[in-house]
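Protein chains in written order, with the numbering used here: chain A, 3 to 398; chain B, 157 to 221.
Keep in mind the hints are simulated off the structure, nothing from the lab.
Heads up, a few of these hints could be off.
Claimed, not checked - In silico BS3-like links for lysine-lysine, alpha-carbon gap of 30 angstroms or less:
{"#": "1", "chain 1": "B", "residue 1": "Lys-183", "chain 2": "A", "residue 2": "Lys-371"}
{"#": "2", "chain 1": "B", "residue 1": "Lys-213", "chain 2": "A", "residue 2": "Lys-234"}
{"#": "3", "chain 1": "B", "residue 1": "Lys-183", "chain 2": "A", "residue 2": "Lys-125"}
{"#": "4", "chain 1": "B", "residue 1": "Lys-213", "chain 2": "A", "residue 2": "Lys-115"}
{"#": "5", "chain 1": "A", "residue 1": "Lys-377", "chain 2": "B", "residue 2": "Lys-183"}
{"#": "6", "chain 1": "B", "residue 1": "Lys-179", "chain 2": "A", "residue 2": "Lys-125"}
{"#": "7", "chain 1": "B", "residue 1": "Lys-213", "chain 2": "A", "residue 2": "Lys-319"}
{"#": "8", "chain 1": "B", "residue 1": "Lys-213", "chain 2": "A", "residue 2": "Lys-320"}
{"#": "9", "chain 1": "A", "residue 1": "Lys-103", "chain 2": "A", "residue 2": "Lys-115"}
{"#": "10", "chain 1": "B", "residue 1": "Lys-183", "chain 2": "A", "residue 2": "Lys-297"}
{"#": "11", "chain 1": "A", "residue 1": "Lys-174", "chain 2": "B", "residue 2": "Lys-213"}
{"#": "12", "chain 1": "B", "residue 1": "Lys-213", "chain 2": "A", "residue 2": "Lys-381"}
{"#": "13", "chain 1": "A", "residue 1": "Lys-274", "chain 2": "B", "residue 2": "Lys-213"}
{"#": "14", "chain 1": "B", "residue 1": "Lys-179", "chain 2": "A", "residue 2": "Lys-380"}
{"#": "15", "chain 1": "B", "residue 1": "Lys-179", "chain 2": "A", "residue 2": "Lys-371"}
{"#": "16", "chain 1": "B", "residue 1": "Lys-213", "chain 2": "A", "residue 2": "Lys-373"}
{"#": "17", "chain 1": "A", "residue 1": "Lys-381", "chain 2": "B", "residue 2": "Lys-179"}
{"#": "18", "chain 1": "B", "residue 1": "Lys-213", "chain 2": "A", "residue 2": "Lys-380"}
{"#": "19", "chain 1": "A", "residue 1": "Lys-137", "chain 2": "B", "residue 2": "Lys-213"}
{"#": "20", "chain 1": "A", "residue 1": "Lys-143", "chain 2": "B", "residue 2": "Lys-213"}
{"#": "21", "chain 1": "B", "residue 1": "Lys-179", "chain 2": "A", "residue 2": "Lys-255"}
{"#": "22", "chain 1": "B", "residue 1": "Lys-179", "chain 2": "A", "residue 2": "Lys-377"}
{"#": "23", "chain 1": "B", "residue 1": "Lys-213", "chain 2": "A", "residue 2": "Lys-125"}
{"#": "24", "chain 1": "B", "residue 1": "Lys-213", "chain 2": "A", "residue 2": "Lys-297"}
{"#": "25", "chain 1": "A", "residue 1": "Lys-371", "chain 2": "B", "residue 2": "Lys-213"}
{"#": "26", "chain 1": "A", "residue 1": "Lys-137", "chain 2": "B", "residue 2": "Lys-183"}
{"#": "27", "chain 1": "B", "residue 1": "Lys-183", "chain 2": "A", "residue 2": "Lys-255"}
The residues making up each chain are set out below.
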Amino acid sequence: MNNIKMNAAGTGVQMKCTACGGALFFDPLSGQMKCTYCGRDYSTSEVNAENEFDTDDTIECNVYICRSCGAELNVNDNECSTFCAYCGQPTVVFDRVARMKKPQFIIPFSVTKEQAVMSLRQKVSASMYLPDNVKRFTIDKVVGIYIPYWLYDIEYSDSQYIEGTIDRSDNKTVYYYFRAADTFFKNITLDASLQLDDRSSRLLEPYQTEQLIPFETSYLSGFYSDRYDISKEDLTGRAVERAGERFDAALIKDMHAADDFTGLYVFHKNPKYNVTDVKYAFLPAWFLSFRHENKTYTMMVNGQTGKIVGGLPMDMKKLWTNIAIHTAFLAIPASFLFYLLFYSIRDTNNGYFAFLSFPLFGIITLLAKAKRNLKDLKKSQSLTSACGLNNYSNQR
Amino acid sequence: MFIVAIILGFLLALSIAMYWETKELIKSNDLGNSEAGYYDFADRSLNITARRNHINKSEISCNVR
C-alpha cells in the first residue's frame with residue numbers, strides 16, 4: 003500500500019484555519035474540519051473552496067518507504083510519517099513527492115480513534131484466554147488509513163440444473179430442478195491494494211456503500227491514504243467470481259425454501275454477466291498496533307462500522323487449564339454412563355463393537371473440529387502479526 | 157468393562173471440553189471472523205425467471221448438450 007502525507011515544509015496540501023493559522027483535521031464525530039488550536043469548525047466544501055488542490059484529478063502527496071516491511075506510506079496532512087502503519091516499526095524514510103489519482107468517492111471516518119481503541123479494549127477485556135499483560139495492553143500506534151477499493155456494478159444472470167436429494171425415512175429420492183434468474187449487484191467491493199491481504203480486507207467488510215459521497219481532499223486530513231496498485235481490469239474476474247458466489251448462494255436458498263433437501267448439487271450452469279460500472283473509492287480503516295513478547299500485533303477496525311478484525315494472542319496455559327477442569331467434571335458422569343450402558347448390553351452378542359463405534363466416531367469428530375478451530379485462529383493471528391503483514395508487502 | 161468405560165468416558169469428556177473451549181477461544185480471540193464478510197445483496201433483488209421442479213433426466217441431457 004502506498005500512503006501519502008502532506009508535510010509542514012510546504013510539500014503537498016496544508017489546510018489551515020483562517021482565524022488562527024492552525025492545522026485543520028477531519029473530525030469523524032462532527033463530520034467537519036476542525037482546527038487543532040482554536041477548535042473552530044469548517045465544512046469540508048468550505049475548506050475545499052479555499053484551496054486549489056481539487057482542481058484536477060490527482061492529489062500531490064509525500065511518499066514514505068518502510069525499510070522494515072517495504073510498505074509505501076502516503077501521507078495527506080500536515081505531519082511527517084515517523085512509523086509504518088502496517089508493521090508498526092519506526093523505520094520509514096521520505097522517498098519522493100508523487101501525485102496519486104483522486105478517487106471518485108469516499109466514505110469518511112465516522113468512528114473516532116478513541117472509539118476504535120475503546121471498542122478494542124472492550125473486546126480484549128471480555129476475552130478469557132488472553133495473556134494477563136495483553137489485557138492491560140497499551141496501544142503503540144493508531145493510524146487511520148483510507149484503503150483504495152474498486153466498486154463494481156454487475157448485471158448477472160444464470161440458468162442452472164440442480165440435483166436435489168430428499169431423504170425421508172429410509173427412502174432416498176433424487177429429483178432434478180431447473181432455475182433461471184437474474185440480478186443486479188451494486189458496489190461489490192474489492193480492495194485495490196497489494197499490501198493489504200485480501201482476507202483482511204474481506205473481513206473488514208461490509209462497508210455501507212449507500213453512504214458513499216463524492217471525494218473531497220479535505221477528508222484525508224489527519225489520515226493516511228493509499229493508492230491503488232491493482233488495476234480495475236485485473237480485479238474484474240474476482241468481482242464476477244464474487245457475484246457468482248452470492249448468486250449461487252441466493253439460488254440455493256430459494257431451493258431450500260421449496261423442499262427439505264439433504265443434498266443439493268449444481269451440475270450445469272450458464273452464467274452471463276455485464277460489468278456496467280466501476281468506481282474508485284477510499285474506504286476507512288483504523289490500524290491499531292501493540293506489542294506482546296517482542297512481537298507487534300496490528301488489529302484493524304472498520305472506520306465506518308467499528309467492526310474489529312484480527313487474531314489476539316492466546317494464553318495456552320489458560321486454555322489447557324479450562325480444558326482440564328471441564329474434562330474432570332464431564333469424565334465422571336460420562337464414565338458412569340458408559341459403565342451402565344456396558345452393563346445393560348453385557349449379554350448381547352456383538353453389542354460391544356456396535357456400541358463402541360458410535361462414541362469413538364463422536365470423539366474423533368470433536369477432536370478434528372477442535373483442531374480446525376485452533377488452525378483458524380492461527381490463520382487470523384498470522385494476518386494480525388507484523389510478520390504476516392511483512393509477507394504481504396514482499397508481494398510487491 | 158469398568159476400565160473401558162472409564163477410558164471412553166475420559167476421552168469423550170476431553171473431546172467435548174476441547175471442542176467447546178476452542179469454540180469459545182475463536183469467539184473471544186478471533187475478532188471479526190465469525191461475522192458476515194459482506195452484505196447478502198443478491199437476496200434483495202434476485203429475480204427468478206424460470207422455476208421447474210422434478211424434471212426428467214432425459215430432458216436435461218438434451219438441454220445441457
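A quick look at each hint next to the structure:
no.	hint	result
1	B:Lys-183 / A:Lys-371	14 angstroms, holds
2	B:Lys-213 / A:Lys-234	42 angstroms, violated
3	B:Lys-183 / A:Lys-125	10 angstroms, holds
4	B:Lys-213 / A:Lys-115	60 angstroms, violated
5	A:Lys-377 / B:Lys-183	14 angstroms, holds
6	B:Lys-179 / A:Lys-125	16 angstroms, holds
7	B:Lys-213 / A:Lys-319	58 angstroms, violated
8	B:Lys-213 / A:Lys-320	57 angstroms, violated
9	A:Lys-103 / A:Lys-115	26 angstroms, holds
10	B:Lys-183 / A:Lys-297	23 angstroms, holds
11	A:Lys-174 / B:Lys-213	17 angstroms, holds
12	B:Lys-213 / A:Lys-381	44 angstroms, violated
13	A:Lys-274 / B:Lys-213	24 angstroms, holds
14	B:Lys-179 / A:Lys-380	13 angstroms, holds
15	B:Lys-179 / A:Lys-371	9 angstroms, holds
16	B:Lys-213 / A:Lys-373	42 angstroms, violated
17	A:Lys-381 / B:Lys-179	15 angstroms, holds
18	B:Lys-213 / A:Lys-380	46 angstroms, violated
19	A:Lys-137 / B:Lys-213	61 angstroms, violated
20	A:Lys-143 / B:Lys-213	62 angstroms, violated
21	B:Lys-179 / A:Lys-255	26 angstroms, holds
22	B:Lys-179 / A:Lys-377	12 angstroms, holds
23	B:Lys-213 / A:Lys-125	54 angstroms, violated
24	B:Lys-213 / A:Lys-297	59 angstroms, violated
25	A:Lys-371 / B:Lys-213	38 angstroms, violated
26	A:Lys-137 / B:Lys-183	16 angstroms, holds
27	B:Lys-183 / A:Lys-255	26 angstroms, holds
Of the numbered hints given earlier, the model fails hints 2, 4, 7, 8, 12, 16, 18, 19, 20, 23, 24 and 25; all others are met.
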